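Trainee: Chains as they are written, first to last, in the numbering used here: chain C, 1 to 231; chain Z, 1 to 229.
Do not take every clue at face value.
Said to hold, decoys possible - Here are the simulated DSS-like cross-link-like pairs (lysine-lysine), alpha carbons at most 27 angstroms apart as the crow flies:
{"#": "1", "chain 1": "Z", "residue 1": "Lys-175", "chain 2": "Z", "residue 2": "Lys-77"}
{"#": "2", "chain 1": "C", "residue 1": "Lys-221", "chain 2": "C", "residue 2": "Lys-135"}
{"#": "3", "chain 1": "Z", "residue 1": "Lys-141", "chain 2": "C", "residue 2": "Lys-135"}
{"#": "4", "chain 1": "C", "residue 1": "Lys-135", "chain 2": "Z", "residue 2": "Lys-179"}
{"#": "5", "chain 1": "Z", "residue 1": "Lys-179", "chain 2": "Z", "residue 2": "Lys-77"}
{"#": "6", "chain 1": "C", "residue 1": "Lys-74", "chain 2": "Z", "residue 2": "Lys-159"}
{"#": "7", "chain 1": "C", "residue 1": "Lys-96", "chain 2": "Z", "residue 2": "Lys-141"}
{"#": "8", "chain 1": "C", "residue 1": "Lys-135", "chain 2": "Z", "residue 2": "Lys-170"}
{"#": "9", "chain 1": "C", "residue 1": "Lys-74", "chain 2": "C", "residue 2": "Lys-96"}
Think of the hints as simulated: they come from the structure by calculation, not from any bench.
If you're wondering where the values come from, they're calculated on a predicted model, not measured in any experiment.
Listed here are the chains, written in short residue letters.
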Amino acid sequence: MSRATVLESTDEAVAGIEDGSTVLVGGFGLAGMPFDLIDALIRQGAKDLTIVSNNAGNGDVGLAALLAAGRVRKVLCSFPRQVDSYVFDALYREGKVELEVVPQGNLAERMRAAGAGIGAFYCPTAVGTPLAEGKEVRTIDGRDYLLEYPIHGDYALISAHRADPMGNLVYRKTARNFGPVMAAAATTTIVQVDEVVPLGGLAPEAVVTPSVYVDRIVAVKARHYTVQGAR
Amino acid sequence: MSDTTASTTAAHAGKAPVAVDHPLSMEELAAMIARDIPAGAFVNLGIGQPTKIADHLPPELGVVLHTENGMLGMGPKAEGAEIDPDLTNAGKVPVTELAGAAYFHHADSFAMMRGGHLDICVLGAYQVSEHGDLANWHTGKPDDIPAVGGAMDLAIGAKDTYVMMTLFTKSRAPKLVPKCTYPLTGVGCVSRVYTEVATFDLRPDGVHVLETYGTTIEELRSRLDVELH
């Protein structure tokens with residue numbers, strides 16, 4: 001993996017994302033959602049995408065806007081149904097988008113496994129539930145586990161608080177959420193940050209995502225969201 | 001906490017029986033559950049009614065709240081200028097951080113849950129079976145969009161999973177049942193059920209009534225299809 005590149009615009013940052021790509025999109029609700037990168041992806045035009053994210057969009061912004069633009073073939077997420085997920089809800093009910101529901105911890109761990117070179121793992125979550133259908137069950141020390149496979153991304157779009165020019169990242173509070181595991185699980189990781197600090201500006205002890213996982217960085221001007229839905 | 005199962009049971013057994021002659025309000029029920037959470041416990045409170053329990057945990061008890069979107073040491077709901085879009089709970093409500101808080105990513109957050117490092121998780125439920133099976137994620141109706149979130153991970157992760165719910169549906173059907181009819185969230189994972197009329201322990205030898213509020217065991221026996229000890 002070559003060193004990360006700091007780019008001037010979000011349009012440059014999302015250049016080259018191909019039709020049919022699997023894109024990991026950070027965020028938990030609105031916290032940590034890479035809105036500017038998603039807007040750029042909408043302008044870029046890639047379609048037939050598989051999106052992996054915790055939710056399936058809120059209001060009319062971010063993932064909801066990407067869905068509304070008709071670019072998404074399939075969503076893997078833990079919690080699509082929310083009070084303001086009407087864009088996804090309508091597309092799903094019309095059969096225009098596929099859905100795979102994955103328990104939240106498995107979503108995270110499957111991406112962690114992808115980033116860590118783990119071929120598959122046995123996990124106790126969802127044993128005996130409808131989400132266990134079709135999965136191999138293994139009894140280990142008297143407890144049942146399901147075989148879970150990694151989720152790799154062609155691209156990850158995440159947001160972080162600060163980057164240095166190497167691509168080291170720090171996050172803010174619970175906006176960290178899926179960022180670190182998605183950064184490691186994708187072939188190409190694209191990060192929007194509030195600020196790119198000079199080399200040496202991040203304390204090495206405080207780095208959360210080390211630079212090796214990061215490919216493209218772009219600083220965005222302002223936070224575009226408040227708490228729920230507004231932008 | 002090294003042995004929470006023992007300490008929570010002891011905590012409950014050590015309290016005087018509560019003489020309550022009326023069904024509990026949800027606020028009273030939250031206080032009742034808070035009473036049974038031991039000092040210093042690491043606790044996850046599920047979205048919805050269980051979040052009310054936090055209001056009844058005195059700071060000096062030193063209970064540490066986990067929120068699965070990536071934080072230990074969660075404080076009360078944020079108000080006014082405290083609101084920070086980067087700091088929410090699992091219900092996406094803005095919250096605050098307490099001194100000694102820690103942030104971590106999602107895989108770590110669920111690893112600490114699944115790995116048995118949290119003492120107690122309190123969840124809502126559609127149904128609980130007498131064997132501790134939990135149904136709380138999906139009504140099973142064909143037009144419902146399934147959404148599981150962290151429910152399945154939470155159900156099986158903590159050392160003890162408690163349920164906070166009303167004992168009956170609005171149409172008066174029991175929610176503590178011989179076998180769940182709703183799609184399951186977890187199998188054999190619930191150890192205690194707190195309701196507005198009684199608290200139940202689910203043990204290998206069956207369902208034990210710990211306390212009743214404004215009812216009697218006889219009345220409960222007549223309304224439930226499970227055997228009560």
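Trainee: Compare the structure with each hint and give your call.
Mentor: Quick rundown of the hints versus the structure:
no. : hint                    : result
1   : Lys-175(Z) / Lys-77(Z)  : 30 angstroms, violated
2   : Lys-221(C) / Lys-135(C) : 45 angstroms, violated
3   : Lys-141(Z) / Lys-135(C) : 23 angstroms, holds
4   : Lys-135(C) / Lys-179(Z) : 23 angstroms, holds
5   : Lys-179(Z) / Lys-77(Z)  : 37 angstroms, violated
6   : Lys-74(C) / Lys-159(Z)  : 36 angstroms, violated
7   : Lys-96(C) / Lys-141(Z)  : 20 angstroms, holds
8   : Lys-135(C) / Lys-170(Z) : 36 angstroms, violated
9   : Lys-74(C) / Lys-96(C)   : 9 angstroms, holds
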